[in-house]
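Each chain is listed here by its residues.
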Amino acid sequence: MPGPMQEPQSKAALCVRNLRKAYKDVVAVNGVDLEVLSGECFGLLGPNGAGKTTTIEICEGLTEADSGEVEVLGLRWSSDAPALRQKLGIQLQDTQLAEKLTVLETLRLFRSFFHQGPGAEEAIRMVQLDEKRDARVGALSGGQKQRLALACALVGDPDLLFLDEPTTGLDPQARRQLWYLIEEFKAAGRTILLTTHYMDEAERLCGRVAIMDHGKIIAQGTPRELIASIGVEHVVEFSAGSSSLDLAGIGGMAGVRDVRGENGNVLLQVTELHRAVPALLNELGRQGVPLTELRTHSATLEDVFVHLTGRHLRDE
Amino acid sequence: MSEASKSRRSFTDHALVQLTLMRMREFIREPEALFWSMIFPLALAAGLGIAFRNRPPEVLKIAAVTPRLAEALRQEKLLDVMQLPPQLAEQFVRTGKVALAAEPAADGSPNGSIVYRYDDTNPEGRQAKMLADQAIQRASGRQDPVTGSDQIMREPGSRYIDFLIPGLIGMGIMGNSMWGPGFAIVDARRKKLLKRIVATPMPKHYYLLSFLLWRMILLPVDVGVPLVFGAWVFGVPLRGSLMTLAGVSLLATLAFTAGGVLLASRVRTIEAGSGLMNLTMVPMWILSGVFFSSQRFPDLVQPVIKALPLTAAIDALRANMLQGAGLAQMAPQAGVLGVWLVVCFGLALRLFRWR
Ligand SMILES: Nc1ncnc2c1ncn2[C@@H]1O[C@H](COP(=O)(O)OP(=O)(O)OP(=O)(O)O)[C@@H](O)[C@H]1O
Ligand SMILES: [Mg+2]
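Protein chains in written order, with my numbering: chain A, 1 to 316; chain B, 317 to 671.
Possibly wrong hints are sitting among the right ones.
Lysine-lysine pairs mimicking DSS-like chemistry, simulated, CA-CA at most 30 angstroms apart [unchecked claim]:
hint, chain 1, residue 1, chain 2, residue 2
1, A, Lys-100, B, Lys-520
2, B, Lys-413, A, Lys-100
3, B, Lys-508, A, Lys-87
4, B, Lys-508, A, Lys-186
5, A, Lys-186, A, Lys-11
6, B, Lys-508, B, Lys-520
7, B, Lys-377, A, Lys-87
8, A, Lys-24, B, Lys-508
9, B, Lys-511, A, Lys-100
10, A, Lys-216, B, Lys-507
11, A, Lys-24, B, Lys-507
12, B, Lys-622, A, Lys-87
13, A, Lys-186, B, Lys-511
So the derived label-pair ranges between C-beta atoms look like this [unchecked claim]:
hint, chain 1, residue 1, chain 2, residue 2, range
14, A, Gly-119, B, Val-659, 39 to 47 angstroms
15, B, His-330, A, Leu-37, 15 to 23 angstroms
16, A, Lys-24, B, Glu-587, 18 to 26 angstroms
17, B, Glu-348, A, Ala-139, 49 to 57 angstroms
18, A, Gln-96, B, Thr-328, 22 to 30 angstroms
19, B, Gly-540, A, Asp-134, 30 to 38 angstroms
20, A, Asp-157, B, Leu-595, 29 to 37 angstroms
21, A, Glu-237, B, Arg-671, 39 to 47 angstroms
22, B, Val-617, A, Asn-30, 51 to 59 angstroms
23, B, Glu-587, A, Ser-244, 51 to 59 angstroms
To be clear, the hints were calculated from the coordinates, so they are not data collected in a lab. Glycine included, every Cβ here is placed at the ideal spot set by N, Cα and C.
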């Protein structure tokens, strides 16, 4: 039942308010608010340990929050768990399915837990595993295992799909194949919450993203809005070898918003590329510094993260 | 209510059936599991059965110091006499190579006194002493006032193999019922498969129930294989009713499966799981009378031994197979197993962790 004082349920498929969760001395989730609208693909983007898995598993009813509210499809875990379970499709980060079962047997097993949904055969077709229908799970490649995990999430014909790092650890080709599948679900109007630490994945798949760091959401919006919010359109990266540089001089150039030096590489955030690059070459000539490498790219979510935290999403 | 969405579903689409099928597939696709749970107990039974089969009454080795003594002692068929010099004879007794040494008394008493050297804490020593003394007394002309004659009984039902087979059946039920579910649960938890499964709407008790069901399906094999083997190769009797045997075995399987689930309810690694299993099972192999009667342990610990589930299972199996006991006579053992079943399953449900 919807609460009496609320309007007839908005289109929010998932609503999270002020969520907190600590493990002993680690605060994994520190006051998270989220709203995923029905029919959208929402991305939770953040580096390792940001708290993405903890957040998504609280939403999935697998982890108990210390405080905060979670409403999924208008229902709550405390009172409607069995009904909710029927409506959710869940893929966990690094689950290993039973290796001795075949693809078809695995899907028949998972299908048997749900009242309704596509049959095992149909789910196999949806993730394009037809060739591997009778192969043992243990004999599948990483990408095929991941697609099987996706199929297991789909057999209950879910109203909301949770995907926790669906492409981590896969080679580029397998990643693209999964993206293609996820795009199909999106086109079919499914609601998806996915986590990732690949900014290109979030940019490509998600209508809206929330950037998470140290248990907090530090920015939220469409990829376009987020990129625009840092007021930077381009990023110039160059290497000056071991020569000493006057960063302040570079930072003062026209069209440069920000300068950062890190182990020999210099990163410029730039609003107008056509002005900044000639100015940079002049400045380096003036300082007598040889230029060994120069790259430019349009600003991405990665740059948003760097702008907000001073770190890269993927710290090598 | 969306009645329309509930399509007709076949029996095999039921979650419990699918879970049990998973148990079966994981079992039959693991050749090692098949070996350890089936072939190994048979090999053990065959080995022990042959080792203890038709053994003639034991002959005791003893030493005699003089030819006259040796001559007198050889009249006794159950003694194997070797003649040795005194020092060597004494050394042989001390090192256990012979059970006893007989020599004339050192002081050279007139009427031929004899000294027996042996260890009186060793049953073989005591038996050798009795046999040797009897042989020497007879050789010296003693007449026994009463004559006795032997009637030898070696019928099926009282041999070692008859004792052993019910023990092995009990041990097999325990091992298979505890290892099977225990290993599967710890492995699934380690691989986060348990967590994935509770993320579905599957009723949680189905998962645990599927282990009980699968063990029940395997029960005819667990019990039948050693039973048929014993009956066929060694003629081990089955005097009680088959139904009673099935009932006792079923109860034992359920109790041990619940025990296995309980032990695995929180363990995260295979190593810790194995340790816990061994810690539970090895003492029962020793105490519960698989290979030798548990009556040999002191009276003080008998109540504890009787309360062990393996003791209850084996005692009931032996009473059924060897004495033809009915269910009524096995009520105490059935009670012990029932209590273990309820306690273990109840605790397992309470303590079980899905992640
Ligand atoms: N069961 C746990 N016990 C203790 N600490 C935990 C536990 N689970 C997570 N943490 C800690 O909580 C923080 C957030 O972890 P979480 O798994 O949510 O991050 P994540 O964003 O999913 O990272 P990744 O990209 O590596 O999957 C981390 O610092 C982690 O060490
Ligand atoms: Mg994670």
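- request: Provide an ascending list of the numbers of those earlier hints which the structure does not satisfy.
  value: 2, 7, 12, 15, 17 and 20
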